Amino acid sequence: MQRAIAGPIGLVLVLLFFGQPCLAEGLSTEFNRNMFSDARSEQTDIQQQGPDDPQELKAFLDNFFAQQMTQLHIPGAAIAIVKDGKPFFTAGYGYADLEKKIPVDPNQTLFRLASVSKLFAATAVMQLAERGQLKLKDDVNKYLKNFQLQENYPAPVTIESLLTHTGGFDEKFIGLAARNASELIPLGEYLAKRMPPRVIPPGQIISYSNHGIALAGYLVEEISGIPFAQYTDENILQPLDMQQSSFLQPLPARLASDLAVGYEYRRGNYQPVPSYYINDGPAGALKATATDISHFIIAHLQKGRYGNTKIIEETTAQQMHASHFTHHPQLPGWAYGFSERFQNNLRAIEHGGTDPGFASLLFLLPEQKLGLFVAYNNEQDELREQLVSQFLDRYYPVKEPISSPQPNPNFQHRANYFVGNYRFSRYPHSTIEKLAPVLLKAPVSAPELRVRAKGDGILTVEPSSYRPNRSPRRALKKVDSVLYGAVTDNSNTSSRTRNQLVEIEPLLFQFTDGPYVAFKENSRGRITHMFIGADAFEKLAWYETNAFQLSLFGFCILAFLSSCIGWSSRSLTHRWQKDSSRWGSKQDIQSLVRLSGSTLPVAISALNLFFLFGTILAILLSNLYEFAYGLPPIITTLLCIPIMTTSLTAVLPVFMVLSWQDKRWSVLGRLYYLFFILCAWGFISFLSYWNLLGFEF
Numbered sequence: 018m019q020r021a022i023a024g025p026i027g028l029v030l031v032l033l034f035f036g037q038p039c040l041a042e043g044l045s046t047e048f049n050r051n052m053f054s055d056a057r058s059e060q061t062d063i064q065q066q067g068p069d070d071p072q073e074l075k076a077f078l079d080n081f082f083a084q085q086m087t088q089l090h091i092p093g094a095a096i097a098i099v100k101d102g103k104p105f106f107t108a109g110y111g112y113a114d115l116e117k118k119i120p121v122d123p124n125q126t127l128f129r130l131a132s133v134s135k136l137f138a139a140t141a142v143m144q145l146a147e148r149g150q151l152k153l154k155d156d157v158n159k160y161l162k163n164f165q166l167q168e169n170y171p172a173p174v175t176i177e178s179l180l181t182h183t184g185g186f187d188e189k190f191i192g193l194a195a196r197n198a199s200e201l202i203p204l205g206e207y208l209a210k211r212m213p214p215r216v217i218p219p220g221q222i223i224s225y226s227n228h229g230i231a232l233a234g235y236l237v238e239e240i241s242g243i244p245f246a247q248y249t250d251e252n253i254l255q256p257l258d259m260q261q262s263s264f265l266q267p268l269p270a271r272l273a274s275d276l277a278v279g280y281e282y283r284r285g286n287y288q289p290v291p292s293y294y295i296n297d298g299p300a301g302a303l304k305a306t307a308t309d310i311s312h313f314i315i316a317h318l319q320k321g322r323y324g325n326t327k328i329i330e331e332t333t334a335q336q337m338h339a340s341h342f343t344h345h346p347q348l349p350g351w352a353y354g355f356s357e358r359f360q361n362n363l364r365a366i367e368h369g370g371t372d373p374g375f376a377s378l379l380f381l382l383p384e385q386k387l388g389l390f391v392a393y394n395n396e397q398d399e400l401r402e403q404l405v406s407q408f409l410d411r412y413y414p415v416k417e418p419i420s421s422p423q424p425n426p427n428f429q430h431r432a433n434y435f436v437g438n439y440r441f442s443r444y445p446h447s448t449i450e451k452l453a454p455v456l457l458k459a460p461v462s463a464p465e466l467r468v469r470a471k472g473d474g475i476l477t478v479e480p481s482s483y484r485p486n487r488s489p490r491r492a493l494k495k496v497d498s499v500l501y502g503a504v505t506d507n508s509n510t511s512s513r514t515r516n517q518l519v520e521i522e523p524l525l526f527q528f529t530d531g532p533y534v535a536f537k538e539n540s541r542g543r544i545t546h547m548f549i550g551a552d553a554f555e556k557l558a559w560y561e562t563n564a565f566q567l568s569l570f571g572f573c574i575l576a577f578l579s580s581c582i583g584w585s586s587r588s589l590t591h592r593w594q595k596d597s598s599r600w601g602s603k604q605d606i607q608s609l610v611r612l613s614g615s616t617l618p619v620a621i622s623a624l625n626l627f628f629l630f631g632t633i634l635a636i637l638l639s640n641l642y643e644f645a646y647g648l649p650p651i652i653t654t655l656l657c658i659p660i661m662t663t664s665l666t667a668v669l670p671v672f673m674v675l676s677w678q679d680k681r682w683s684v685l686g687r688l689y690y691l692f693f694i695l696c697a698w699g700f701i702s703f704l705s706y707w708n709l710l711g712f713e714f
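Numbering (the working numbering), first residue to last: 18 to 714.
Everything labelled a hint here was simulated from the structure, so no lab data went into it. Keep in mind it's a predicted model, so treat the numbers as computed, not measured. A few of these clues could be false.
[As the list claims (entries may be wrong)] 30 angstroms max Cα-Cα, derived DSSO-like pairs, lysine-lysine:
no.	residue 1	residue 2
1	K451	K210
2	K386	K471
3	K154	K103
4	K75	K451
5	K451	K103
6	K152	K320
7	K154	K416
8	K103	K117
9	K386	K327
10	K103	K416
11	K210	K154
12	K320	K471
13	K154	K537
14	K103	K75
15	K471	K75
16	K416	K386
17	K162	K210
18	K75	K320
19	K152	K210
20	K75	K117
21	K386	K103
22	K416	K152
23	K327	K103
24	K451	K537
25	K159	K75
26	K320	K386
27	K159	K327
Assemble the whole structure, with the sequences as input and the hints as a guide.
This is the structure we're talking about:
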């Protein structure tokens, strides 16, 4: 039954919440990049010379892009590599516009950079900090004039917590975008209306937030007194000679014609993605060329200096690049604006971006004075992950394979302490968007992971949708992809052991091929979180798991269908005919009550089914990106139905009591009535858990 229900409902939810992995770096990309970076290793015998021959590098990259762009259906891409404070290599591949056959020019073609924009917002904040116009440890509310953040936790949201994604904000994406410039909402007004509440105490857990960085950008507006796009243009873009870059929406006329067309590959064809605008501009509105971004990279690698210009002081750059929050010393965390990656015994800082039709990555090795930027016009993250992995393996190789940790035989009796299902903490807690990550296909988002005790002192981690008895080879490949991102062909670890965890010390584990995993326990000694890379996963109660929720959902659907098919035919024929002959007698009221009691389950069932299948139809008739612009009116109307059915369900117990007093009801009929009431209340709990009871959006 679970599979039967999951199919159509999964389709609906995927369509309904398609905007989530898009528009200013959605869940899937950020999750995939941070979660599956290789951890810091103990080995030191490595070569760290990096690329030194531009022609050799060109041959490597030409071959890489030729293969990957064909395999991944990417129309066009641009890359820029900086070394020792100078441009080392730039190139364009494929087409910026397939229809017009316009090739990608790294000096001229603009790409939507999505969340790479956040690095510019963070840099702007650091400029104000070094000028003494704000303090990173200050409460954000100190600088907000037109609205205030909720103070529902003792600790305040600081500017620092915005830059490290530890503000604890809930996730929202409905209404994030606009179809045209006239529908754009001013940043301050948008945040005042749509700023999500805090659902995690600030400064404790990393939970990536577009709204958090947008709020940081709004502080730049409030303090500087000018719009964010103007501030960044005057204080970052122009000083760095980034003439082909802008946060403006729409783009200036001189740049608009150079913007690449975004595509998605469907049914064997490239489909252009409709143009769009975003309301949280500082979090994702930048459009730029690869060459321009190389100037920004040079400035950061040169500790704020680009030529004779300085955008930030050296101490500020060092502060910005340092790690400021991590869940465990062995795990990567967040600098100010940059996320950390540990790979090939190197520490990198980076930020990726994903928008509909676009993906990008800015990757820095500060100690090696090397930076890389790639952007392309297709929304998927495998190319950038493969690029970093193959680039590092080629130019910064680890000579010796990582040694696998040995299981602790004394761990077995404590293994069940960690067993359970864990959900990626960056999900909407308080709105109907909560459904977004539930049924999206792994490895795109992997919203829920399952930890099991394998025996012999080993834990396993796998997607909760994994079924060992169903296409095991495909499932294992999926587990690899979800847990490790892009995996190179020369991996020395078997795919069947890659997801195995071995305890290293209390609450710290290690995958058999190197990356670390940490757990967190509360004051009562219960595990509350699992940390992989820079990402957090909440441990779920049994009733919160996808499996239980889908089972409950399917069980209720069966009850509603059986009520409509079985009870309705019996109630509307046999009982109507039997009772209608008594109209006008003293038993009129009893007959009416009896008839109402028997038909009420049919009405509730029909309305609930209409809500579900009406939603399906509304989704199928809507544009895939419709929900990023706001909830369609038809969906808002359909949300009235659960309120109606909940009200009707509330009176069912009254009719149940009457049915037990009415001797003409069979025992089976009475028991079924009780069964239906339990199912109806179960469905209400389902609706409430997923924020479908009311207008929570």
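Hint check results:
1. K451 / K210: Within the cut-off at roughly 19 angstroms; holds.
2. K386 / K471: violated, 43 angstroms
3. K154 / K103: Distance of about 35 angstroms is beyond 30 angstroms: violated.
4. K75 / K451: violated, 45 angstroms
5. K451 / K103: Given pair K451, K103 is violated - Cα atoms ~46 angstroms apart, limit 30 angstroms.
6. K152 / K320: holds, 21 angstroms
7. K154 / K416: Violated, at roughly 43 angstroms.
8. K103 / K117: violated, 33 angstroms
9. K386 / K327: At roughly 17 angstroms apart (the allowed maximum being 30 angstroms), K327 and K386 satisfy the hint.
10. K103 / K416: Roughly 28 angstroms between the alpha carbons, so the hint for K103 and K416 holds.
11. K210 / K154: OK: K210 and K154 at ~25 angstroms, within 30 angstroms.
12. K320 / K471: Not satisfied, since the Cα-Cα distance of roughly 48 angstroms exceeds 30 angstroms.
13. K154 / K537: Within the cut-off at roughly 25 angstroms; holds.
14. K103 / K75: Satisfied, since the Cα-Cα distance of roughly 16 angstroms is no more than 30 angstroms.
15. K471 / K75: Outside the cut-off at roughly 46 angstroms; violated.
16. K416 / K386: holds, 21 angstroms
17. K162 / K210: Answer holds: K162 to K210 is near 14 angstroms, not above 30 angstroms.
18. K75 / K320: holds, 27 angstroms
19. K152 / K210: Holds, at roughly 26 angstroms.
20. K75 / K117: holds, 27 angstroms
21. K386 / K103: holds, 10 angstroms
22. K416 / K152: violated, 44 angstroms
23. K327 / K103: holds, 16 angstroms
24. K451 / K537: holds, 24 angstroms
25. K159 / K75: violated, 51 angstroms
26. K320 / K386: Holds, at about 10 angstroms.
27. K159 / K327: holds, 29 angstroms
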